[in-house]
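S.K.: Here's the letter readout for the chains.
Protein chains: 2
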Amino acid sequence: MLSIAIDMDETIADPITKAREWYYRDYGKVFSEEELYGKTLSEALPIDHKGKILEYLNTPGFFRDLAVYPHAQEVLEELNKKYKLYIVSAAMEFPHSLKDKYDWLMDNFPFLTWRQFCLCGDKSLVQTDIMIDDLIRNFTHFKGKPYLFTGHHNVHIQGYDRILNWEDAAAKLL
Amino acid sequence: MLSIAIDMDETIADPITKAREWYYRDYGKVFSEEELYGKTLSEALPIDHKGKILEYLNTPGFFRDLAVYPHAQEVLEELNKKYKLYIVSAAMEFPHSLKDKYDWLMDNFPFLTWRQFCLCGDKSLVQTDIMIDDLIRNFTHFKGKPYLFTGHHNVHIQGYDRILNWEDAAAKLL
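Read top to bottom, the protein sequences are chains A and B.
Counting from 1, one number per residue, gives the positions in the first sequence under my numbering.
Counting from 1001, one number per residue, gives the positions in the second sequence under my numbering.
A hint or two may mislead.
Derived DEER-like restraints, expressed as beta-carbon distance ranges [what the hints assert, rightly or not]:
id	chain 1	residue 1	chain 2	residue 2	range
1	B	H1049	A	S42	45 to 53 Å
2	B	I1157	A	K39	47 to 55 Å
3	B	V1030	A	S42	50 to 58 Å
DSS-like, lysine-lysine: derived pairs with alpha carbons at most 27 Å apart [unchecked claim]:
id	chain 1	residue 1	chain 2	residue 2
4	B	K1018	A	K99
5	A	K18	B	K1099
6	A	K52	B	K1099
7	B	K1039	B	K1052
8	A	K143	B	K1084
Covered stretches of chain A, as calculated for chain B (at least 3 residues, CB under 8 Å) [stated by the list, open to error]:
id	segment
9	90–98
10	114–128
What the hints contain is simulated information worked out from the structure, not anything from laboratory work.
Just so it is clear, CB atoms sit at the ideal spot from N, CA and C, and this is done for glycine as well.
Take these sequences, add in the hints, and give me the full structure.
M.R.: Below, the structure written as structure tokens:
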């Protein structure tokens, strides 16, 4: 059975919608899809607000109730039958997120067990047959097959096989 | 630079002394070294108290102030200069331990960064050149060089190169 490592943020969990809402709450500004195209949310912010995103992500509870990406639940449930599936998140930068991420996974993916969760700092020690991730830096030391999960910030990156969304993942991997 | 994965519990952190103390607090019984020789603490307990250890380990704060193994700090500081060092703990069974383990590492190993921490359920996705662990089940899928870190519960296991303590690790790896 092949193994597959699946990222959390901007792959199955949506922190961007919540961060945009909190930024609107604090500064009254709504970022459009156009303003974020080809950029991370931090890159789109004015220079003196860059630290705000880190402050949001460090807030206890921020990661606890994020929206799940469309169709992630049913597709992961099927992938979990066909592959040795792991959820791998570079979460250690935000230590308050650790328990929130565990609880969020238990709530939204009840067919997974804690044995399948991996919260790390750096993904360079993770080796599986397949990895799905929205950040190419997580592929630097990876020896398996990488799939870049498409998001607003990576649309200009070339040279990787992509997964566009979870319906596309089902077509490619199931 | 070779990479090395180092376990936490019963390798650099001592949960057994604290669990024995809590068991004494609750039941007035002190386990001797002889009673634990060749056994885990759970194995040494009477049948109707087996669940107590899991209850202790699930208590918020249990892992926050564990004793550090002798010489672990100075030897890891040197290993950190020679190897790409990761701390890898199968911590996910005890979700309340996650933040406690992060804080404990930051307090006791200030020369490490969060990028080097990995808290997982199952170590089968972790691949480094060397792994030091007190549980041989963590070596099942491991392709690098395993070193069994000696503890009371694994004294009868044969067939692995051992590290007896952190002075021995320094002699073998530095």
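S.K.: A separate judgement is required for each hint: does it hold in the structure or not?
M.R.: Consistency of the hints with the structure:
1. B/H1049 / A/S42: 45 to 53 Å: Since the Cβ atoms of B/H1049 and A/S42 sit about 51 Å apart, the hinted range of 45 to 53 Å holds.
2. B/I1157 / A/K39: 47 to 55 Å: Once the Cβ atoms are compared, 53 Å apart, the range 47 to 55 Å for A/K39 and B/I1157 holds.
3. B/V1030 / A/S42: 50 to 58 Å: 55 Å, holds
4. B/K1018 / A/K99: Holds. B/K1018 to A/K99 sits at ~23 Å (cutoff 27 Å).
5. A/K18 / B/K1099: Measuring from Cα to Cα gives roughly 23 Å; hence the hint holds.
6. A/K52 / B/K1099: Distance ~22 Å between A/K52 and B/K1099 Cα, so the pair holds.
7. B/K1039 / B/K1052: Holds, at roughly 16 Å.
8. A/K143 / B/K1084: Between A/K143 and B/K1084 the Cα gap is close to 17 Å, so the pair holds against 27 Å.
9. 90–98: holds (count 5)
10. 114–128: Holds, because 14 residues of the segment 114–128 of chain A bring their Cβ atoms closer than 8 Å to Cβ atoms of chain B.
When the structure is compared with the earlier hints, no violation turns up for any of them.
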